[in-house]
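Undergrad: With the hints as extra help, turn the sequences into a complete structure.
2 protein chains.
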Amino acid sequence: MRPSEVVELGDVRSLARVIRWLDDAPEVGREVLKRVYHRTGRAWVIGVTGPAGVGKSSLINQLIRAFRSEGRTVGVVAVDPTSPFTGGAILGDRIRMQDHEGDPGVFIRSVATRGQMGGLSRSTFDIIDLMDAYGMDVILVETVGVGQDETDVARVAHTVLLVLMPGLGDEVQALKAGLMEIAHVFVINKKDRGDAERMRQELRGVLSLAPEARPWRPPIVLTDATRGAGLDELVQALREHRAFLERSGEWDRRRQQYAFLRLTEAVRTLVMQGIETRLHDPQVQEWIQAIAAGTLDPYSAAAALIERFGK
Amino acid sequence: MRPSEVVELGDVRSLARVIRWLDDAPEVGREVLKRVYHRTGRAWVIGVTGPAGVGKSSLINQLIRAFRSEGRTVGVVAVDPTSPFTGGAILGDRIRMQDHEGDPGVFIRSVATRGQMGGLSRSTFDIIDLMDAYGMDVILVETVGVGQDETDVARVAHTVLLVLMPGLGDEVQALKAGLMEIAHVFVINKKDRGDAERMRQELRGVLSLAPEARPWRPPIVLTDATRGAGLDELVQALREHRAFLERSGEWDRRRQQYAFLRLTEAVRTLVMQGIETRLHDPQVQEWIQAIAAGTLDPYSAAAALIERFGK
Chain A
45 MRPSEVVELG DVRSLARVIR WLDDAPEVGR EVLKRVYHRT GRAWVIGVTG
95 PAGVGKSSLI NQLIRAFRSE GRTVGVVAVD PTSPFTGGAI LGDRIRMQDH
145 EGDPGVFIRS VATRGQMGGL SRSTFDIIDL MDAYGMDVIL VETVGVGQDE
195 TDVARVAHTV LLVLMPGLGD EVQALKAGLM EIAHVFVINK KDRGDAERMR
245 QELRGVLSLA PEARPWRPPI VLTDATRGAG LDELVQALRE HRAFLERSGE
295 WDRRRQQYAF LRLTEAVRTL VMQGIETRLH DPQVQEWIQA IAAGTLDPYS
345 AAAALIERFG K
Chain B
45 MRPSEVVELG DVRSLARVIR WLDDAPEVGR EVLKRVYHRT GRAWVIGVTG
95 PAGVGKSSLI NQLIRAFRSE GRTVGVVAVD PTSPFTGGAI LGDRIRMQDH
145 EGDPGVFIRS VATRGQMGGL SRSTFDIIDL MDAYGMDVIL VETVGVGQDE
195 TDVARVAHTV LLVLMPGLGD EVQALKAGLM EIAHVFVINK KDRGDAERMR
245 QELRGVLSLA PEARPWRPPI VLTDATRGAG LDELVQALRE HRAFLERSGE
295 WDRRRQQYAF LRLTEAVRTL VMQGIETRLH DPQVQEWIQA IAAGTLDPYS
345 AAAALIERFG K
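Line order of the protein sequences matches chains A and B. First residue of the first sequence? That's 45 in the numbering used here, and the numbers climb one at a time after it. First residue of the second sequence? That's 45 in the numbering used here, and the numbers climb one at a time after it.
Hints are supplied without guarantee of correctness; some may be wrong.
Since copy identity is lost for identical chains, a pair holds within one copy or between any two.
[Unchecked claim] With a straight-line Cα cutoff of 25 Å, these simulated SDA-like cross-link-like pairs (lysine to any residue) come out:
#, residue 1, residue 2
1, 78, 301
2, 78, 330
3, 78, 299
4, 78, 319
5, 78, 300
6, 78, 320
7, 78, 55
8, 78, 316
Everything labelled a hint here was simulated from the structure, so no lab data went into it. Everything numeric in this text was worked out from a predicted model, so none of it was measured.
TA: Set out below in structure tokens:
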């Protein structure tokens, strides 16, 4: 099978193959991506974030069902290490596909972390773009929200869904600190586990502290994903955000931002690939010995390496 | 305060300052690291990994206590997004320091993820090296183990402690797939929550499947960290692994491997810094427009950017 044979729109099997290539033969995978890139920009990317244990995966299962019932195709990228989607890839496909098995309109991929230090696979962006190019109408990106000021999910997603549950008092604190800025729709899932209505009031209070008048006021939806409660309201809230994006020009502005991010990532990928091949040079080996001996520090060695090979 | 004033061994306040500089003024922080780098290579780096919820943080608290009672200084780097150490940094220092407050021989830092896509802060290695250079005898690095074949914690740590708990049947499966390769000491924590003894037998069975005779046979220790049960046995197992490392020459070999990793990371840091400053060039802006329009793919643009600025 050659790259030229795998560019059919909607061909989920060839999509799966190209995504595997991104790991096994990155240059071939990227060659396909180059060819289909002009087809990207159609998918609606929805980030689903929130702490571990709030039920993001159940909610995603329900969202898949809801979008499928409208006839839309759905891709899921699970980059949450605690997600059963991701866990499924490791622990034996437990939950991963079972609810949507045999539905060619659903395509789920987990992104294995490349070790905690190295961060997530560089191919995450490639996978999102490929799902887009292969005709997925909606792409759900599941991440763990840990409250940092700026999360990358906000940079790849059109709509960010923040999932919480009653009793997470500290989470509301975290929202004050930053997550409030990036979420477009709030969900209080497992609504019967505590005083969800009070939590909604508290959240509203926090949101009303926004320094300036904002054109989009994030709705707060109460759900119980395992029973499907609140799902219609949630889907409606998402739809309204999408309509807002298109109406306000945000949809197009976001495409510009994504292009910038995409270019940065692509440069990083190509540069690192070039450097990795040079690390076996004898001079470099000498530097490594010196770093191990403590007679040379890594940054001075890195500067020397770039000076020598970067031209 | 200038970099030259913050190189006193054991001065925890200046260590805290330099670590902050790594984020706020990376070049200054790295300048200090260059100066103290020759003092690194003494610390014993112990990776503490395992799924969320098994009690890694309680165990770390107990290990801190045990090492302190021997008079050793202890650094902790929490890179686990579900850890209360990390959570403490975000949600209000809840648990972070409370058990060891006021003890100048304990230094705890959480590493905020730079967004899920961007992976962990590039400064993780710098923090480990700085703690080492500032005289921390033991450095505990807490990460979430999610079962990938090769985790970076194995590349930075001398000793990898894998923490499990009874009832995690699937985890034993995961071990077969790869974690077995990287762990030197196994802990079954919360041992009274289920049949810990049976789990130990299962684990032993898995470990006996190792393809070749190994010079180090990983011990399996049963603990209940909240009550301190099994801690003496665990500390003893860790000590034996350290003795093994020194006896076998592994301690020195690992220093070479770390130097290689360290150089790669330093090159990456410097290269990305150089590129980020060029992304605002007008030609680059044109490429970004074209990527957004779908008329140019990110990898072709990245190659053109490297061609133009990389020389």
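Undergrad: All hints are to be evaluated individually against the structure, with a verdict given for each.
TA: Hint-by-hint comparison with the structure:
1. Taking the shortest alpha-carbon separations for residue 78 and residue 301, only the intra-copy value of 19 Å comes in at or below 25 Å, while the best inter-copy value is 36 Å.
2. Taking CA atoms no more than 25 Å apart as the test, residue 78 paired with residue 330 passes between copies only; the shortest distance there is 18 Å, against 38 Å inside one copy.
3. Proximity of residue 78 and residue 299 under a CA criterion of 25 Å is satisfied intra-copy only: 17 Å inside one chain copy versus 41 Å between copies.
4. Taking identical chains as interchangeable, the C-alpha atoms of residue 78 and residue 319 lie at most 25 Å apart whether they share a chain (22 Å) or sit on different chains (22 Å).
5. Taking the shortest Cα distances, residue 78 and residue 300 sit within 25 Å of each other inside one copy (18 Å), while across copies they are farther apart (39 Å).
6. Taking identical chains as interchangeable, the C-alpha atoms of residue 78 and residue 320 lie at most 25 Å apart whether they share a chain (23 Å) or sit on different chains (23 Å).
7. In this assembly of identical chains, the alpha carbons of residue 78 and residue 55 lie at most 25 Å apart only when taken from the same copy (17 Å versus 53 Å across copies).
8. In this homomeric assembly, residue 78 and residue 316 come within 25 Å of each other (Cα to Cα) both inside a single copy, at 19 Å, and across copies, at 23 Å.
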